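Colleague: Below are the chains, spelled out letter by letter.
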Amino acid sequence: MPSHDLLAGPGKRVATALGDAATGMAMWELWSTLGWNDIHQRYRRSLLGPFWITLSMGVMIATIGFVYAELFRQAMFDYLPYLTLGFIVWALISGIMQDSCTAFTGSEGIIRQVRAPYSVHIFRVLWRHVLIFAHNLVIYVVVMLLFGVRPDGALLLVVPGFALICLNGAWVGIFLAALNARFRDLQPLVSNVIQIFFYVTPIIWRPQQLAEHPAIVYLNPLYHFVALLRMPLLGAAPPAATWVVTITITGFGLVAAGFFFGRYRGRIAYWL
Amino acid sequence: MAKIRLDGVSVTFPIYHASSRSLRKQVLAVSTGGRIGADARHQVSIQALDDISLTIEHGDRLGLVGHNGAGKSTLLRVMAGIYEPTRGAVTIDGRVVPIFDLGVGMDPEASGYENIQFRGLYCGLTRAQIRAKTEEIAEFTELGTFLDMPLRTYSAGMHARLAFAISTCIEPEILLLDESIGAGDAAFLVKAKRRLEEFIAQAGILVLATHSENMIRELCNKAILLEHGRGLVAGPTDEVFARYNRSA
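Residue numbers (our numbering), protein chains in the order written: chain L, 16 to 287; chain B, 412 to 659.
Worth flagging that the hints you see were computed from the coordinates, not collected in a lab.
Result set (SDA-like, lysine to any residue): computed pairs, CA atoms no more than 25 Å apart in a straight line: (1) B/K544 x L/T48; (2) B/K414 x L/V129; (3) L/K27 x B/G419; (4) B/K414 x L/T38.
Counterexamples of contact, computed for chain L against chain B with all Cβ distances above 10 Å: (5) G26; (6) D35; (7) Y83.
None of these values were measured; they are calculated from a predicted model.
All residues carry an ideal CB built from backbone N, CA and C; glycine is no exception.
Okay, chain L solo, but in the shape it has when bound:
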């Protein structure tokens, strides 16, 4: 059954999507408060509070770092910073993907009570994971000090890298949140895929260790997104290929999400 909106031209659809994103962005006080509350909530009544994020990540990195440095016969001072950043960046990327699935379904009650831009829920998830990332960066600083690694000018490339990850989080988030409202199988599917990619992506191991099968590493877009933050934080500039891959994906993704969101935005309330 076509409605006025579904019949509208693609231009209007994209305008609807952009309008939602813009008004959602303007409500930053709302999503920043909610995103922070999500973290606060999880650790309410606990002694260490949100520093459990840092602590549990730190313990995991220390343990796995010790075992795998032995397994792969790698020098600790070289391997541990690499592993630390791999884990922290992976936690950011995978966390956004995982939590985006429930961005709309988890706020079903309020969505049906008050009209607000849908993008608010996407930004809330992004902000939550940016905050978690900030907590985890403490480990990075400790490891760098411990091993005397000093990042150089390449560190500045963290800024565009981080921006690209957030933009991708936004478009992937819109797809996952809306599709999971309609097809509830998506969430378990996504967690499964994330788990597989954790092993396939060079996080614990290095790309050089799989030199005979470079396709597995370099055709995996997630490798490039991890490298986007990991490399500058370790003091190296990401190669051109990584910039090309990530910027292209960002561009196509944002455009596709704009059309998709404009087309189905009005249906989300019905799917919940």
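Position chain B against the provided structure of chain L, taking the given hints into account.
Modeller: Using the frame of chain L, we list chain B on its own:
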């Protein structure tokens, strides 16, 4: 000037039960085709509103009358901009304050004060505006130090007090009320009623859905009778109730 205009609005709810909601069924429907595919794709839907056209002008107090499932709540949600109609067009001019299920969408783990903040932000207020209103809300609820406690420790009545106070703290241009405002003890009800009257008086437009004929006669000057999602009669409350009571 507040105004609501509906042009031939229809709303059809797709009903997703476990099977039609699953991705597997959709994928199988594509890959197998034929009868099973057709069955899997068969979608149940409910026509909640059917070709409703009406214009509500500044100063109108409209009561929605009808049996359970007649479409009253759906119509309110269309006017709130929550459901985009499947057919037809809606124009809403003015700040809408919807009061539907009191308390839905509140965070049980957060404190009363935090919930005031969350809801205020959702309704588009800034933190500073909320801070300015917090004291007034707190005073109205008479919850005192309980406002620092998590919402899950509240009784149903306390919960209703807070939800009511939060919802009525924003000056509405268009006020949409669903019947569920009833919890709370007697003393609070008197207070709530007074507040509601003030609140309604501020609003340019009131749309009220309730089963209570008294409430509509008291608060509204117009009414519309809905049946199976269609508008049967619209006009002065007396005429509408005459028709409604004949059919009941």
